[in-house]
Amino acid sequence: MDIKRLSLWEGRNATYMSNDSFSVIIEDQGEVALELSARMANGARISPLSLPYFRGTGSGVYSDENSTWWRSRQGLYQAGGAYFNFPENNEDVINSSNTYWMLRKYGTEDEHHGVWKYSEMKSRAIGNRFHLGRVDLLIPGHNVLYTAIRITNTGDEVLQGSPSWNAMLSSPLVESGSMISTNSKYFSVYPLRSREWGVNRFATGQVFEELKKAPLEGGGIADASIVPPPTGTYDYMIGKFMEKEETRWVSVINPRSQMLFITFTPKMVNEDDYEFPNSTIGENYYGRLDSPWALFDGATPQVMAVTAGFNSGPKGTKNLSLKPGESKNIFIGSAFTHYTNPRLSLGFYNNEVSEDGFVFKRTKSSVLIPADTAFKALRKLSKRVFFLGSDSIMR
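Going by this note's numbering, the first residue of the sequence shown is number 1, and it counts up by one from there.
It cannot be assumed that every hint is accurate.
Pairs of lysine-lysine, PhoX-like flavour, derived with a Cα cap of 20 Å [unchecked claim]:
no.: 1; residue 1: K185; residue 2: K240
no.: 2; residue 1: K267; residue 2: K240
no.: 3; residue 1: K212; residue 2: K240
no.: 4; residue 1: K267; residue 2: K383
no.: 5; residue 1: K328; residue 2: K267
no.: 6; residue 1: K267; residue 2: K244
no.: 7; residue 1: K122; residue 2: K267
Listed next, with one range per pair, are the computed distances between beta-carbon atoms [stated by the list, open to error]:
no.: 8; residue 1: K105; residue 2: E217; range: 26 to 34 Å
no.: 9; residue 1: R343; residue 2: S176; range: 19 to 27 Å
no.: 10; residue 1: R55; residue 2: R384; range: 32 to 40 Å
no.: 11; residue 1: M242; residue 2: Y190; range: 38 to 46 Å
no.: 12; residue 1: L368; residue 2: V199; range: 38 to 46 Å
no.: 13; residue 1: S176; residue 2: K323; range: 43 to 51 Å
What the hints contain is simulated information worked out from the structure, not anything from laboratory work.
Yeah, the Cβ is synthetic: ideal placement off N, Cα and C, and Gly gets one too.
Sequences and hints are given; from them, build the entire structure.
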(Lines of atoms letter the chains of each structure in order from A and count residues from 1; the text may use other names and numbers.)
(Lines give C-alpha, C1' and ligand atoms only; values in the text may rest on other atoms or scores of the structure.)
Protein backbone atom coordinates (compact mmCIF):
# COMPACT_ATOMS: atom_id res chain seq x y z
CA MET A 1 0.00 0.00 0.00
CA ASP A 2 1.23 3.48 -0.81
CA ILE A 3 0.04 7.08 -0.67
CA LYS A 4 1.97 10.18 -1.68
CA ARG A 5 1.62 13.67 -3.10
CA LEU A 6 2.40 14.52 -6.74
CA SER A 7 3.13 17.80 -8.55
CA LEU A 8 1.39 17.91 -11.92
CA TRP A 9 1.04 20.93 -14.22
CA GLU A 10 1.80 24.54 -13.25
CA GLY A 11 1.11 24.38 -9.55
CA ARG A 12 -1.58 21.71 -9.78
CA ASN A 13 -1.13 18.89 -7.30
CA ALA A 14 -2.61 15.45 -6.81
CA THR A 15 -2.65 12.49 -4.45
CA TYR A 16 -1.44 9.06 -5.57
CA MET A 17 -2.87 5.99 -3.82
CA SER A 18 -2.14 2.35 -4.61
CA ASN A 19 -2.31 -1.24 -3.48
CA ASP A 20 -0.54 -4.20 -5.13
CA SER A 21 -2.86 -4.31 -8.16
CA PHE A 22 -4.62 -0.95 -8.45
CA SER A 23 -3.64 2.72 -8.34
CA VAL A 24 -5.48 6.03 -8.32
CA ILE A 25 -4.50 9.65 -9.00
CA ILE A 26 -6.89 12.34 -7.72
CA GLU A 27 -5.99 15.97 -8.32
CA ASP A 28 -6.87 18.77 -5.92
CA GLN A 29 -8.46 20.85 -8.69
CA GLY A 30 -12.04 19.60 -8.67
CA GLU A 31 -11.10 16.36 -6.86
CA VAL A 32 -11.17 14.69 -10.27
CA ALA A 33 -9.81 11.15 -10.52
CA LEU A 34 -7.39 11.27 -13.45
CA GLU A 35 -6.45 7.60 -13.29
CA LEU A 36 -7.93 4.35 -12.03
CA SER A 37 -5.28 1.98 -13.31
CA ALA A 38 -4.75 -1.77 -13.23
CA ARG A 39 -2.30 -4.12 -14.91
CA MET A 40 -3.71 -6.17 -17.77
CA ALA A 41 -2.96 -9.83 -18.52
CA ASN A 42 -0.33 -8.91 -21.14
CA GLY A 43 1.50 -6.60 -18.76
CA ALA A 44 0.33 -3.11 -19.71
CA ARG A 45 -0.99 -0.80 -17.00
CA ILE A 46 -4.22 0.73 -18.27
CA SER A 47 -6.64 3.43 -17.09
CA PRO A 48 -10.17 3.48 -18.54
CA LEU A 49 -10.72 7.18 -17.85
CA SER A 50 -10.84 9.73 -20.65
CA LEU A 51 -8.77 12.92 -20.44
CA PRO A 52 -9.86 14.84 -23.57
CA TYR A 53 -7.29 16.80 -25.55
CA PHE A 54 -8.79 20.18 -24.55
CA ARG A 55 -8.58 19.65 -20.79
CA GLY A 56 -6.91 22.62 -19.08
CA THR A 57 -3.52 22.15 -17.44
CA GLY A 58 -2.98 25.62 -15.98
CA SER A 59 -3.32 26.58 -12.33
CA GLY A 60 -6.86 27.78 -12.99
CA VAL A 61 -9.35 29.16 -15.46
CA TYR A 62 -8.56 32.82 -14.84
CA SER A 63 -4.78 32.46 -15.05
CA ASP A 64 -4.90 30.44 -18.27
CA GLU A 65 -3.59 32.22 -21.37
CA ASN A 66 -6.91 31.32 -23.02
CA SER A 67 -8.87 32.63 -20.05
CA THR A 68 -11.40 34.56 -22.15
CA TRP A 69 -12.54 31.33 -23.77
CA TRP A 70 -12.38 29.22 -20.61
CA ARG A 71 -14.34 31.61 -18.38
CA SER A 72 -17.57 30.66 -20.10
CA ARG A 73 -16.73 26.96 -19.90
CA GLN A 74 -15.39 26.43 -16.39
CA GLY A 75 -16.66 22.87 -16.23
CA LEU A 76 -14.81 21.86 -19.40
CA TYR A 77 -11.51 23.12 -17.95
CA GLN A 78 -11.72 20.03 -15.71
CA ALA A 79 -13.39 17.76 -18.28
CA GLY A 80 -12.85 14.02 -18.19
CA GLY A 81 -11.91 11.57 -15.46
CA ALA A 82 -14.26 10.56 -12.67
CA TYR A 83 -15.82 13.34 -10.61
CA PHE A 84 -18.61 14.44 -8.26
CA ASN A 85 -20.81 17.43 -9.05
CA PHE A 86 -22.67 19.60 -6.53
CA PRO A 87 -24.79 21.72 -6.32
CA GLU A 88 -25.56 20.98 -9.98
CA ASN A 89 -23.97 19.82 -13.24
CA ASN A 90 -23.70 23.24 -14.83
CA GLU A 91 -20.52 24.69 -16.32
CA ASP A 92 -21.77 28.24 -15.73
CA VAL A 93 -21.65 27.99 -11.92
CA ILE A 94 -18.97 27.17 -9.37
CA ASN A 95 -19.41 23.57 -8.36
CA SER A 96 -17.41 20.82 -6.76
CA SER A 97 -15.74 19.64 -9.97
CA ASN A 98 -14.36 22.99 -11.12
CA THR A 99 -13.02 24.54 -7.93
CA TYR A 100 -10.11 23.88 -5.59
CA TRP A 101 -10.15 21.29 -2.80
CA MET A 102 -7.74 21.12 0.12
CA LEU A 103 -6.17 17.89 1.34
CA ARG A 104 -6.57 17.84 5.12
CA LYS A 105 -5.50 14.39 6.31
CA TYR A 106 -4.30 11.04 5.06
CA GLY A 107 -3.29 7.82 6.71
CA THR A 108 -3.63 4.06 7.07
CA GLU A 109 -6.91 2.30 7.82
CA ASP A 110 -6.43 -0.08 10.76
CA GLU A 111 -8.75 -3.01 10.08
CA HIS A 112 -7.79 -3.77 6.46
CA HIS A 113 -4.46 -1.86 6.38
CA GLY A 114 -5.76 0.28 3.54
CA VAL A 115 -4.79 3.87 2.74
CA TRP A 116 -7.13 6.86 2.82
CA LYS A 117 -7.24 10.61 2.38
CA TYR A 118 -9.64 13.33 3.54
CA SER A 119 -10.18 16.58 1.61
CA GLU A 120 -12.51 19.58 1.91
CA MET A 121 -14.15 22.05 -0.43
CA LYS A 122 -15.94 25.26 0.50
CA SER A 123 -18.23 26.99 -1.96
CA ARG A 124 -17.10 30.39 -3.28
CA ALA A 125 -20.47 31.09 -4.90
CA ILE A 126 -22.72 33.74 -3.38
CA GLY A 127 -25.84 32.13 -1.91
CA ASN A 128 -24.37 28.61 -1.92
CA ARG A 129 -23.42 28.19 1.72
CA PHE A 130 -22.30 24.59 1.93
CA HIS A 131 -19.31 22.47 2.83
CA LEU A 132 -18.14 19.24 1.21
CA GLY A 133 -15.91 16.69 2.89
CA ARG A 134 -14.58 13.69 0.97
CA VAL A 135 -12.89 10.47 2.07
CA ASP A 136 -11.19 8.20 -0.52
CA LEU A 137 -10.10 4.70 0.48
CA LEU A 138 -8.15 1.82 -1.08
CA ILE A 139 -7.96 -1.57 0.62
CA PRO A 140 -5.74 -4.56 -0.25
CA GLY A 141 -7.07 -7.06 -2.77
CA HIS A 142 -9.75 -4.76 -4.21
CA ASN A 143 -9.34 -2.91 -7.52
CA VAL A 144 -11.81 -0.33 -6.21
CA LEU A 145 -11.70 3.33 -5.25
CA TYR A 146 -14.17 3.81 -2.39
CA THR A 147 -15.42 7.40 -2.02
CA ALA A 148 -17.57 8.98 0.70
CA ILE A 149 -18.85 12.55 0.31
CA ARG A 150 -20.51 14.52 3.10
CA ILE A 151 -22.60 17.57 2.16
CA THR A 152 -23.33 20.05 4.96
CA ASN A 153 -25.57 23.11 4.79
CA THR A 154 -23.60 25.87 6.53
CA GLY A 155 -26.12 28.61 5.72
CA ASP A 156 -29.26 29.97 7.36
CA GLU A 157 -31.64 28.85 4.63
CA VAL A 158 -32.62 25.54 3.07
CA LEU A 159 -29.97 24.29 0.63
CA GLN A 160 -31.16 22.59 -2.55
CA GLY A 161 -29.04 20.79 -5.09
CA SER A 162 -28.78 17.94 -7.55
CA PRO A 163 -25.72 15.76 -6.84
CA SER A 164 -24.25 13.61 -9.60
CA TRP A 165 -21.32 11.27 -10.18
CA ASN A 166 -19.73 10.74 -13.59
CA ALA A 167 -16.91 8.64 -15.00
CA MET A 168 -15.89 9.56 -18.55
CA LEU A 169 -14.47 6.43 -20.23
CA SER A 170 -12.65 5.99 -23.51
CA SER A 171 -10.12 3.83 -25.38
CA PRO A 172 -8.83 1.19 -24.79
CA LEU A 173 -11.84 0.19 -22.66
CA VAL A 174 -14.38 1.78 -25.01
CA GLU A 175 -14.27 0.51 -28.57
CA SER A 176 -16.61 -1.17 -31.02
CA GLY A 177 -18.10 -4.22 -29.30
CA SER A 178 -17.73 -2.97 -25.73
CA MET A 179 -20.78 -3.72 -23.58
CA ILE A 180 -22.73 -1.31 -21.35
CA SER A 181 -24.96 -2.63 -18.58
CA THR A 182 -26.84 -1.45 -15.50
CA ASN A 183 -29.48 -2.73 -13.08
CA SER A 184 -31.69 0.31 -13.66
CA LYS A 185 -34.80 0.24 -15.86
CA TYR A 186 -37.17 2.60 -17.68
CA PHE A 187 -34.70 4.62 -19.71
CA SER A 188 -35.24 7.89 -21.48
CA VAL A 189 -33.01 9.94 -23.79
CA TYR A 190 -32.74 13.69 -23.39
CA PRO A 191 -32.52 16.15 -26.28
CA LEU A 192 -29.36 18.16 -26.85
CA ARG A 193 -28.94 21.19 -24.60
CA SER A 194 -28.61 24.73 -25.86
CA ARG A 195 -24.80 24.61 -26.12
CA GLU A 196 -24.62 21.07 -27.46
CA TRP A 197 -24.37 20.68 -31.21
CA GLY A 198 -24.86 17.20 -32.56
CA VAL A 199 -27.32 14.51 -33.58
CA ASN A 200 -29.32 12.12 -31.40
CA ARG A 201 -29.20 8.47 -32.40
CA PHE A 202 -32.08 7.49 -30.14
CA ALA A 203 -35.56 9.01 -29.91
CA THR A 204 -35.97 11.61 -27.18
CA GLY A 205 -38.97 11.83 -24.89
CA GLN A 206 -39.79 8.10 -25.01
CA VAL A 207 -39.49 5.57 -22.19
CA PHE A 208 -38.09 2.10 -22.85
CA GLU A 209 -37.39 -0.76 -20.43
CA GLU A 210 -34.16 -2.23 -21.82
CA LEU A 211 -30.99 -0.77 -23.28
CA LYS A 212 -31.10 -3.56 -25.84
CA LYS A 213 -34.38 -2.20 -27.22
CA ALA A 214 -33.84 1.54 -27.54
CA PRO A 215 -36.09 3.36 -30.06
CA LEU A 216 -34.16 5.08 -32.84
CA GLU A 217 -34.74 8.70 -33.80
CA GLY A 218 -35.63 7.65 -37.34
CA GLY A 219 -37.80 4.69 -36.36
CA GLY A 220 -37.04 1.11 -35.40
CA ILE A 221 -34.91 -0.03 -32.47
CA ALA A 222 -31.22 -0.64 -31.78
CA ASP A 223 -29.10 -2.08 -28.98
CA ALA A 224 -27.81 0.82 -26.88
CA SER A 225 -25.86 -1.62 -24.68
CA ILE A 226 -23.30 -2.40 -27.41
CA VAL A 227 -20.79 0.24 -28.50
CA PRO A 228 -21.08 0.48 -32.33
CA PRO A 229 -18.52 1.70 -34.84
CA PRO A 230 -18.53 5.52 -34.85
CA THR A 231 -22.05 6.76 -35.63
CA GLY A 232 -21.51 10.51 -35.37
CA THR A 233 -24.22 10.69 -32.70
CA TYR A 234 -24.47 11.81 -29.08
CA ASP A 235 -27.07 10.59 -26.58
CA TYR A 236 -27.53 11.24 -22.88
CA MET A 237 -29.89 8.83 -21.15
CA ILE A 238 -30.99 8.17 -17.60
CA GLY A 239 -32.49 5.01 -16.10
CA LYS A 240 -34.57 4.57 -12.97
CA PHE A 241 -33.36 2.33 -10.13
CA MET A 242 -36.01 0.14 -8.55
CA GLU A 243 -36.54 0.39 -4.78
CA LYS A 244 -35.45 -3.24 -4.28
CA GLU A 245 -31.92 -2.65 -5.62
CA GLU A 246 -29.61 -2.56 -2.60
CA THR A 247 -26.59 -1.86 -4.82
CA ARG A 248 -27.05 0.30 -7.92
CA TRP A 249 -24.43 -0.04 -10.67
CA VAL A 250 -23.35 0.76 -14.21
CA SER A 251 -20.66 -1.28 -15.97
CA VAL A 252 -18.67 -1.06 -19.20
CA ILE A 253 -16.91 -4.23 -20.37
CA ASN A 254 -14.52 -4.82 -23.24
CA PRO A 255 -14.88 -8.57 -23.94
CA ARG A 256 -12.18 -8.61 -26.63
CA SER A 257 -9.51 -7.11 -24.37
CA GLN A 258 -11.12 -8.59 -21.22
CA MET A 259 -11.34 -5.31 -19.28
CA LEU A 260 -14.15 -4.48 -16.87
CA PHE A 261 -15.17 -1.17 -15.27
CA ILE A 262 -18.04 -0.81 -12.82
CA THR A 263 -19.22 2.12 -10.72
CA PHE A 264 -21.67 1.42 -7.91
CA THR A 265 -23.53 3.09 -5.07
CA PRO A 266 -25.70 1.77 -2.22
CA LYS A 267 -29.32 2.28 -1.31
CA MET A 268 -29.63 4.46 1.79
CA VAL A 269 -29.45 2.57 5.08
CA ASN A 270 -30.17 5.44 7.49
CA GLU A 271 -31.49 9.00 7.46
CA ASP A 272 -27.97 10.44 7.13
CA ASP A 273 -27.55 8.83 3.68
CA TYR A 274 -28.49 10.11 0.26
CA GLU A 275 -29.20 7.58 -2.49
CA PHE A 276 -29.04 8.20 -6.22
CA PRO A 277 -32.38 7.44 -7.92
CA ASN A 278 -30.99 7.28 -11.47
CA SER A 279 -28.20 5.86 -13.56
CA THR A 280 -26.72 8.01 -16.33
CA ILE A 281 -25.18 6.85 -19.59
CA GLY A 282 -23.72 9.24 -22.14
CA GLU A 283 -22.84 7.79 -25.54
CA ASN A 284 -20.67 10.20 -27.53
CA TYR A 285 -19.59 8.34 -30.65
CA TYR A 286 -17.82 11.25 -32.35
CA GLY A 287 -21.14 13.04 -32.13
CA ARG A 288 -20.35 16.39 -30.46
CA LEU A 289 -19.76 19.00 -33.14
CA ASP A 290 -19.60 21.96 -30.76
CA SER A 291 -16.28 23.41 -29.62
CA PRO A 292 -14.15 22.13 -27.91
CA TRP A 293 -15.37 18.62 -28.67
CA ALA A 294 -14.63 19.66 -32.22
CA LEU A 295 -11.87 22.18 -33.00
CA PHE A 296 -14.57 24.74 -33.80
CA ASP A 297 -18.37 24.66 -33.95
CA GLY A 298 -19.41 22.40 -36.79
CA ALA A 299 -15.95 20.89 -37.31
CA THR A 300 -14.92 17.22 -37.13
CA PRO A 301 -15.64 15.70 -33.68
CA GLN A 302 -12.52 14.70 -31.76
CA VAL A 303 -13.87 12.60 -28.87
CA MET A 304 -15.41 9.13 -28.57
CA ALA A 305 -16.41 8.25 -25.01
CA VAL A 306 -19.00 6.63 -22.79
CA THR A 307 -19.89 8.45 -19.56
CA ALA A 308 -21.29 6.25 -16.79
CA GLY A 309 -22.62 7.38 -13.44
CA PHE A 310 -25.54 8.49 -11.30
CA ASN A 311 -27.70 11.57 -10.93
CA SER A 312 -30.63 12.98 -9.02
CA GLY A 313 -32.84 13.85 -11.97
CA PRO A 314 -32.89 15.86 -15.21
CA LYS A 315 -30.96 19.11 -15.34
CA GLY A 316 -32.64 21.83 -13.29
CA THR A 317 -34.20 19.56 -10.69
CA LYS A 318 -33.20 20.07 -7.05
CA ASN A 319 -33.78 16.69 -5.45
CA LEU A 320 -31.54 17.12 -2.41
CA SER A 321 -32.84 19.47 0.26
CA LEU A 322 -30.88 20.20 3.45
CA LYS A 323 -32.03 22.28 6.39
CA PRO A 324 -29.50 24.64 8.02
CA GLY A 325 -26.84 22.56 9.77
CA GLU A 326 -28.05 19.29 8.19
CA SER A 327 -25.67 16.83 6.47
CA LYS A 328 -26.03 13.92 4.05
CA ASN A 329 -23.52 11.22 3.11
CA ILE A 330 -23.04 9.74 -0.37
CA PHE A 331 -21.05 6.54 -1.06
CA ILE A 332 -19.60 5.56 -4.44
CA GLY A 333 -17.32 2.76 -5.63
CA SER A 334 -15.31 2.73 -8.86
CA ALA A 335 -13.68 -0.54 -9.93
CA PHE A 336 -11.46 -1.44 -12.87
CA THR A 337 -9.80 -4.78 -13.55
CA HIS A 338 -9.02 -7.43 -16.14
CA TYR A 339 -10.20 -11.03 -16.25
CA THR A 340 -8.66 -14.09 -17.86
CA ASN A 341 -11.48 -16.60 -18.51
CA PRO A 342 -11.51 -16.91 -22.34
CA ARG A 343 -15.16 -18.07 -22.42
CA LEU A 344 -16.19 -14.72 -21.04
CA SER A 345 -14.79 -12.99 -24.10
CA LEU A 346 -18.20 -13.81 -25.62
CA GLY A 347 -19.86 -11.49 -23.10
CA PHE A 348 -21.97 -11.83 -19.97
CA TYR A 349 -25.57 -12.75 -19.27
CA ASN A 350 -25.98 -11.31 -15.79
CA ASN A 351 -24.32 -9.74 -12.77
CA GLU A 352 -25.00 -11.06 -9.26
CA VAL A 353 -24.22 -8.78 -6.32
CA SER A 354 -23.10 -10.06 -2.92
CA GLU A 355 -21.27 -8.54 0.05
CA ASP A 356 -18.07 -10.04 -1.39
CA GLY A 357 -18.37 -8.33 -4.75
CA PHE A 358 -19.83 -8.71 -8.22
CA VAL A 359 -20.10 -12.05 -10.05
CA PHE A 360 -20.45 -11.61 -13.82
CA LYS A 361 -21.76 -14.85 -15.38
CA ARG A 362 -22.12 -16.53 -18.73
CA THR A 363 -23.77 -19.99 -18.44
CA LYS A 364 -21.30 -21.99 -16.31
CA SER A 365 -18.47 -19.48 -16.51
CA SER A 366 -18.09 -16.54 -14.17
CA VAL A 367 -15.68 -13.88 -12.93
CA LEU A 368 -15.67 -12.40 -9.41
CA ILE A 369 -14.81 -8.73 -8.92
CA PRO A 370 -13.98 -8.44 -5.20
CA ALA A 371 -15.68 -5.40 -3.69
CA ASP A 372 -17.18 -4.22 -0.42
CA THR A 373 -20.61 -3.56 -1.93
CA ALA A 374 -22.07 -2.64 1.49
CA PHE A 375 -19.28 -0.07 2.00
CA LYS A 376 -18.68 -1.39 5.53
CA ALA A 377 -15.02 -0.36 5.66
CA LEU A 378 -15.68 3.09 4.18
CA ARG A 379 -18.71 3.75 6.41
CA LYS A 380 -16.68 2.94 9.51
CA LEU A 381 -13.69 5.02 8.44
CA SER A 382 -15.63 8.01 7.12
CA LYS A 383 -17.74 8.23 10.26
CA ARG A 384 -14.56 8.66 12.28
CA VAL A 385 -12.83 10.98 9.79
CA PHE A 386 -15.85 13.23 9.25
CA PHE A 387 -16.32 13.49 13.00
CA LEU A 388 -12.68 14.40 13.59
CA GLY A 389 -12.87 16.95 10.80
CA SER A 390 -16.08 18.54 12.07
CA ASP A 391 -14.23 21.35 13.85
CA SER A 392 -13.22 22.74 10.45
CA ILE A 393 -16.59 22.18 8.73
CA MET A 394 -18.45 25.10 10.29
CA ARG A 395 -15.63 27.63 10.13
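To see whether the hints hold, each was checked on the structure:
1. K185 <-> K240: 5 Å, holds
2. K267 <-> K240: At roughly 13 Å apart (the allowed maximum being 20 Å), K240 and K267 satisfy the hint.
3. K212 <-> K240: The given pair, whose Cα atoms are some 16 Å apart, holds under the 20 Å limit.
4. K267 <-> K383: Holds, because 17 Å separates the two Cα atoms, which is no more than 20 Å.
5. K328 <-> K267: 13 Å, holds
6. K267 <-> K244: Status holds; Cα separation ~9 Å.
7. K122 <-> K267: 27 Å, violated
8. K105 <-> E217: 26 to 34 Å: 50 Å, violated
9. R343 <-> S176: 19 to 27 Å: Given about 21 Å between the Cβ atoms, the range holds.
10. R55 <-> R384: 32 to 40 Å: 35 Å, holds
11. M242 <-> Y190: 38 to 46 Å: Roughly 21 Å apart at Cβ, these two residues miss the hinted range, so it is violated.
12. L368 <-> V199: 38 to 46 Å: Check passed, 40 Å falls within 38 to 46 Å.
13. S176 <-> K323: 43 to 51 Å: 49 Å, holds
The structure fails hints 7, 8, 11 (numbered hints given earlier, in ascending order).
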